[in-house]
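Undergrad: Single-letter residue listing:
Protein chains: 2
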Amino acid sequence: MWPLSCVAVCGGTHGNEMSGIYLAKHWLRDPMELQRSSFAVTPFLGNPRAIEKCVRYVGQDLNRTFTTEFLSSTEAEDEPYEVVLAREINQTYGPKGSAQAFDFMFDLHNTTASMGTCLIVDSEESLLPMHIPCPIYLYKLPGEETYSINSVAKAGLALELGPQPQQVVRADLFSQMRDIIACALDFIELFNKGTVFPAFEIEAYKITGRMDYPCYPDGEISAMVHPKLQDKDFLPLNPRDPIFQTFSGEEILYEGNTTIYPAFINEAAYYEKKVAFVKMEKHMFSIPGLQRD
Amino acid sequence: MWPLSCVAVCGGTHGNEMSGIYLAKHWLRDPMELQRSSFAVTPFLGNPRAIEKCVRYVGQDLNRTFTTEFLSSTEAEDEPYEVVLAREINQTYGPKGSAQAFDFMFDLHNTTASMGTCLIVDSEESLLPMHIPCPIYLYKLPGEETYSINSVAKAGLALELGPQPQQVVRADLFSQMRDIIACALDFIELFNKGTVFPAFEIEAYKITGRMDYPCYPDGEISAMVHPKLQDKDFLPLNPRDPIFQTFSGEEILYEGNTTIYPAFINEAAYYEKKVAFVKMEKHMFSIPGLQRD
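So the protein sequences, as listed, match chains A and B.
Using UniProt numbering, read the first sequence as starting at 1 and increasing by one per residue.
Using UniProt numbering, read the second sequence as starting at 1 and increasing by one per residue.
So that you can see chain A by itself, here it is in the shape it has in the complex:
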């Protein structure tokens, strides 16, 4: 792997996730703390119009728009704002899959779920992110195309911190996110300067599917995340454990046959898709050593 020369840090891919938005705005005013000797770091705001309105997105979710279909689409009058934006971002930091693309992109997110701090990586084959010491969530389903903003760079990851309400910035999470970026930039500096990172084994969580809310016949959700599941992200959920409580007070149990590890439990942004949590398995991965060519 070659040394990295161009790194981007994006805040506000979702316009109501405030840690990354205020961090990126701060770095745009004063980029000093991003400076390293062996590479350049460019902070930017992902979705300026959504940030202005303090909403997740204006027309469609920007972070699902970096597919070949959208990136290669031709301009149309009625296309969503985020499709135009994705093509622009792809021109600036990509093009996706090309030699001119940025070497790495960090994308900063918050969740209302109690997920602590975790890295969201497309798959275990993304070698460099797998070496950063942090809990890891592998988001790509088998055969799925990458669709996230950081997929326009040659490598990248999303940083997910929670719980934090949408539209709110908490000083504690802001500091954590700032510290992790500082640590990750230091890691790239060491890599660029020839540090050898040996092979190792690591447990990581891999998505297997999504759990929908139960609904009334008219499509309205009819239950909430069970109080015993609330705030239990990344902890084991066993067959027959309670997962929902209906508004009338009944319990609904998990009907699967194996233990899973839920994440994004009760995430605000997933209500519109009626998703209550993401189902994950815990796997052991053998990560090869890492050294610059």
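Don't take each hint at face value.
Note that the list lumps identical chains together, so a pair holds whenever it fits in one copy or between two copies.
Straight line, CA to CA, 20 angstroms or less: simulated EDC-like cross-link-like pairs of lysine to aspartate or glutamate [to be verified]:
{"#": "1", "residue 1": "Lys-53", "residue 2": "Glu-272"}
{"#": "2", "residue 1": "Lys-274", "residue 2": "Glu-52"}
{"#": "3", "residue 1": "Lys-232", "residue 2": "Glu-69"}
{"#": "4", "residue 1": "Lys-206", "residue 2": "Glu-125"}
{"#": "5", "residue 1": "Lys-25", "residue 2": "Glu-220"}
{"#": "6", "residue 1": "Lys-193", "residue 2": "Asp-78"}
{"#": "7", "residue 1": "Lys-53", "residue 2": "Glu-220"}
Everything labelled a hint here was simulated from the structure, so no lab data went into it.
The structure displayed is predicted, hence computed values, not measured ones.
For this one, chain A is given, so just place chain B on it according to the hints.
TA: Here is chain B on its own, set in the frame of chain A:
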């Protein structure tokens, strides 16, 4: 005071505060648990269009729209949706200040602040709410006209539960809100049936003003609620205690001369007004006894 015969319970005055919205929707499907023998209870959704979009409001804050100015305005083509709605709600549950108005209205709210459970009452002269056993926050500034949705009824209160992110329903807060409404309806039933509630002394918090976020010259906020103040609603804040942390890392201290009791600390909905918290004083009030005529 006469017995109460008509009571309303409103959820969704703010369309992204989910405990009250899901409770009211549940009661509209199944009103059984609201039934009492001595009075009728009507659940309703405050701002249906904002609920549909899962936003606080569409045109302007409905819960600031129940003033004489708005309620007596004549229809205009370009008026905000909430002004039309306020006149309709005033017709159904008021008119405000009239003999036909509902006897009591409960209005259900959530906050992203760690305020636990509290009752928001216009002033200590609202006798009936002052007798309900719960921490009390008196919101009306001296000389100010009432402007909240429950002011269209002869008496009322807002129930404020937090912390809960906007657009999220947590089972624990949902149950608490349901229990408090059950308890308050039982209280009215006892009052109607002639129970004597003796006079007592109570400490309550009274608003004195608001604390704005510090800003850059361009108007953007330049600091966050200090980690030592975050989640400390209703606890004493003393002169020279830290209240803000700037994005560059400096501390800003409280410059007042007396101890205050902040509330709505880091409430998501107050960023647009650049309000970081509400300043309150703690006072002892002598509440006269209560008995039906």
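Undergrad: Against each hint, give a clear statement of whether it holds in the structure.
TA: Hints, one by one, checked against the model:
1. For the homomeric pair Lys-53 and Glu-272, the shortest alpha-carbon distances inside one copy (18 angstroms) and between copies (10 angstroms) are both at most 20 angstroms.
2. In this assembly of identical chains, the alpha carbons of Lys-274 and Glu-52 lie at most 20 angstroms apart only when taken from different copies (14 angstroms versus 26 angstroms within one copy).
3. With identical chains, the CA atoms of Lys-232 and Glu-69 are never at most 20 angstroms apart, being 36 angstroms at best within one copy and 49 angstroms at best between copies.
4. Taking CA atoms no more than 20 angstroms apart as the test, Lys-206 paired with Glu-125 passes inside one copy only; the shortest distance there is 13 angstroms, against 58 angstroms between copies.
5. Taking the shortest alpha-carbon separations for Lys-25 and Glu-220, only the inter-copy value of 10 angstroms comes in at or below 20 angstroms, while the best intra-copy value is 38 angstroms.
6. Taking the shortest Cα distances, Lys-193 and Asp-78 never come within 20 angstroms of each other, neither inside one copy (48 angstroms) nor across copies (63 angstroms).
7. In this assembly of identical chains, Lys-53 and Glu-220 lie within 20 angstroms of each other by CA distance solely across copies; the values are 14 angstroms between and 27 angstroms within a copy.
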